[in-house]
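Enquirer: Just need the whole structure built from these sequences, with the hints factored in.
Number of protein chains: 2
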Amino acid sequence: MDKQDRRRRPTISDVAAAAGVSPKTVSRVINNEPGVRAELADQVLEVISKLGFRRNTMASSLRSGRQTATIGLIIEDLANPFYSTIAAAVANVARTHDTQLITVSSEEDPDLEQRQFLQLCQRRVDGMIIVPAGSDHSYTRSEVEMGMRMVFLDRPPSGILADSVVIDNAAGARAGIMSLLEDGHRRIGVVIDSPIIYTARERLAGVRSALADAGIPYDDALVEVGVTNPDEAAHAIATMLDGVDPPTAFFTGNNRSTIGAIQELYRRDSDAALLGFDDFELATLMPRPLTVIAYDVQELGRAAALRLFERIGGDTSWPSETVIPTHLVQRGVQLLKS
Amino acid sequence: MDKQDRRRRPTISDVAAAAGVSPKTVSRVINNEPGVRAELADQVLEVISKLGFRRNTMASSLRSGRQTATIGLIIEDLANPFYSTIAAAVANVARTHDTQLITVSSEEDPDLEQRQFLQLCQRRVDGMIIVPAGSDHSYTRSEVEMGMRMVFLDRPPSGILADSVVIDNAAGARAGIMSLLEDGHRRIGVVIDSPIIYTARERLAGVRSALADAGIPYDDALVEVGVTNPDEAAHAIATMLDGVDPPTAFFTGNNRSTIGAIQELYRRDSDAALLGFDDFELATLMPRPLTVIAYDVQELGRAAALRLFERIGGDTSWPSETVIPTHLVQRGVQLLKS
DNA sequence: GGCTCATAAGACAACGTTGTCAACGACGGG
DNA sequence: CCCGTCGTTGACAACGTTGTCTTATGAGCC
Chain A
1 MDKQDRRRRP TISDVAAAAG VSPKTVSRVI NNEPGVRAEL ADQVLEVISK
51 LGFRRNTMAS SLRSGRQTAT IGLIIEDLAN PFYSTIAAAV ANVARTHDTQ
101 LITVSSEEDP DLEQRQFLQL CQRRVDGMII VPAGSDHSYT RSEVEMGMRM
151 VFLDRPPSGI LADSVVIDNA AGARAGIMSL LEDGHRRIGV VIDSPIIYTA
201 RERLAGVRSA LADAGIPYDD ALVEVGVTNP DEAAHAIATM LDGVDPPTAF
251 FTGNNRSTIG AIQELYRRDS DAALLGFDDF ELATLMPRPL TVIAYDVQEL
301 GRAAALRLFE RIGGDTSWPS ETVIPTHLVQ RGVQLLKS
Chain B
1 MDKQDRRRRP TISDVAAAAG VSPKTVSRVI NNEPGVRAEL ADQVLEVISK
51 LGFRRNTMAS SLRSGRQTAT IGLIIEDLAN PFYSTIAAAV ANVARTHDTQ
101 LITVSSEEDP DLEQRQFLQL CQRRVDGMII VPAGSDHSYT RSEVEMGMRM
151 VFLDRPPSGI LADSVVIDNA AGARAGIMSL LEDGHRRIGV VIDSPIIYTA
201 RERLAGVRSA LADAGIPYDD ALVEVGVTNP DEAAHAIATM LDGVDPPTAF
251 FTGNNRSTIG AIQELYRRDS DAALLGFDDF ELATLMPRPL TVIAYDVQEL
301 GRAAALRLFE RIGGDTSWPS ETVIPTHLVQ RGVQLLKS
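Chains A and B, in that order, give the protein sequences.
Residues 1 to 338 in my numbering are what the first sequence spells out, letter by letter.
Residues 1 to 338 in my numbering are what the second sequence spells out, letter by letter.
Calculated directly from the structure, the hints in this document are not laboratory data.
Calculated lysine-lysine pairs in the DSBU-like style (CA-CA distance at most 35 Å, straight line):
| hint | chain 1 | residue 1 | chain 2 | residue 2 |
| --- | --- | --- | --- | --- |
| 1 | A | Lys-24 | A | Lys-50 |
| 2 | A | Lys-24 | B | Lys-24 |
| 3 | B | Lys-50 | B | Lys-24 |
| 4 | B | Lys-337 | A | Lys-337 |
Expert: So this is what it looks like as structure tokens:
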């Protein structure tokens with residue numbers, strides 16, 4: 001280790017030379033191909049472990065043209081529990097296919113998303129799951145034509161026909177609002193992200209549909225759009241509560257907004273009802289009651305990964321859209337005592 | 001697209017033929033090597049974009065022997081916020097080095113950890129960050145000798161000398177316990193994972209050190225080890241509270257146990273003090289007061305990644321151990337109203 | 001014994017790219 | 001006008017592996 005601390009990695013030829021056989025024979029052994037005497041194979045295996053030989057995956061898949069046993073996942077932010085749950089589910093499916101996962105963050109930047117996409121193409125991943133940040137994905141078309149498999153997650157693709165897995169956003173929001181209406185609420189404050197975003201748009205559509213069915217006019221003063229973090233949500237809630245004829249219930253369009261709403265409602269000891277899209281860890285310990293529109297986040301990732309591996313396995317059927325259902329769940333720490 | 005829906009991916013030779021130049025010239029263009037007339041380079045670039053050529057990363061790094069611009073991260077479970085925060089931090093550092101991250105879960109299984117490690121070696125990643133599940137890492141030695149760079153995260157390596165980044169577990173626990181002692185607590189219940197696990201062992205050592213300094217005998221009846229989930233923690237807390245001379249304060253060794261403790265203490269309206277290792281999202285909304293031993297999880301990942309890239313950059317200094325400091329923070333939703 | 005045939009092993013080329021070196025024309029100095 | 005030099009470009013081989021084809025060996029059969 002003093003004069004040569006960085007040994008060269010042994011290659012198939014090194015193994016072959018040390019074992020007194022041809023490189024091809026070593027190749028046969030490491031690939032479990034038939035046509036090698038058991039005795040000789042053992043001998044080769046011994047040399048392999050003695051030299052610490054590891055087949056170079058890159059050379060192997062370059063030559064054989066087979067799969068690279070890698071898939072890509074493009075998400076907005078790995079630190080966000082929603083995305084990390086998806087990543088974990090995808091990785092689990094990948095592992096059952098002996099495939100490794102390259103996860104990259106787009107940081108909600110369409111340009112970065114595209115660059116990451118192309119880099120993954122250059123690595124010749126077998127397929128990709130993408131949670132779109134941008135709104136135009138026609139740039140993927142030429143790659144898809146050249147065989148890249150893609151599944152869109154959480155938001156449908158645009159500018160290209162491809163598989164997608166999405167939540168039943170509109171129906172979930174609609175069901176939630178209908179339950180508020182059944183409880184007698186007539187003024188419902190809505191706090192939601194910008195309708196530029198697919199999920200926000202769909203959820204808002206669900207809200208409007210439920211209100212329309214109940215014959216309740218849509219009141220712009222009770223809808224705050226473009227809310228992206230807890231503080232903005234808290235502020236929006238405060239403003240509505242301070243207005244004339246304040247809402248008796250709130251709908252928050254994602255869990256970040258729900259957190260902000262809980263903070264503000266708790267601070268004021270308000271007993272307004274709260275309905276939030278997305279369940280979240282520790283919702284059961286929140287200091288006030290709330291209802292969440294829940295769905296199986298793992299299933300979202302799992303379904304996308306399964307679809308992707310079907311494609312990789314050779315499925316060439318027409319692109320499908322998988323819709324993950326939602327359901328309403330009561331949350332809040334008060335339930336612990338009942 | 002009807003008869004040949006899967007076009008072959010163009011290679012450098014295809015581009016060369018279409019542009020009427022040699023493959024080497026195309027290579028020079030895509031690598032920004034000098035020695036190509038600007039006019040000719042433009043012409044080549046045009047053909048490249050027309051054909052949708054993407055350099056094959058595998059062939060490139062196979063031939064050039066340069067870095068693969070990939071690093072590996074082996075963690076226990078990507079769905080766990082602690083690990084996903086680390087993964088995000090590592091990915092962020094990686095991106096500044098134009099490197100992509102392959103994240104794999106060991107599922108706390110030493111065998112799987114080793115298999116994943118070897119697979120990453122076969123992919124010739126430039127380096128790896130590993131949160132050890134197993135307790136013996138001598139199996140990495142031959143790879144390290146052949147140039148694999150490794151940084152151990154959250155737990156130090158054993159059986160091999162390598163860089164590591166860990167939390168100041170003992171000092172953090174010690175400081176927390178000392179603060180409970182200052183508040184007058186003399187009977188402190190301890191709920192912690194198995195001491196087989198490095199972090200649990202260190203934290204328990206911190207607890208014992210603080211108690212010893214205060215002259216308080218270590219009472220086995222007040223220490224429950226081997227607790228791995230919230231329910232077990234809640235049960236352990238309940239048992240201690242139901243015993244004779246119950247504790248007036250509890251220390252929980254990680255955030256899962258802390259959650260369980262909160263549930264049980266809230267259920268009973270107990271006003272026992274609670275001190276938990278690990279901060280967590282939404283700790284500010286917990287329905288009772290608690291103190292957490294907090295540290296910068298992102299920094300943990302960031303430090304490990306920075307160290308790894310120093311190694312990849314050629315640093316051959318003696319392995320270092322980076323220790324991330326901790327500090328005490330008050331949490332609980334009651335703070336919102338003050 | 002000569003034949004076929006199956007089996008085992010190796011020779012060789014190729015995957016897509018790039019390092020090395022040679023070839024070419026243009027240019028300027030002696 | 002020749003020669004060395006520079007700037008461009010290409011030919012060729014090689015990275016580590018594997019697909020294809022060939023060769024060597026011996027068993028089995030008439």
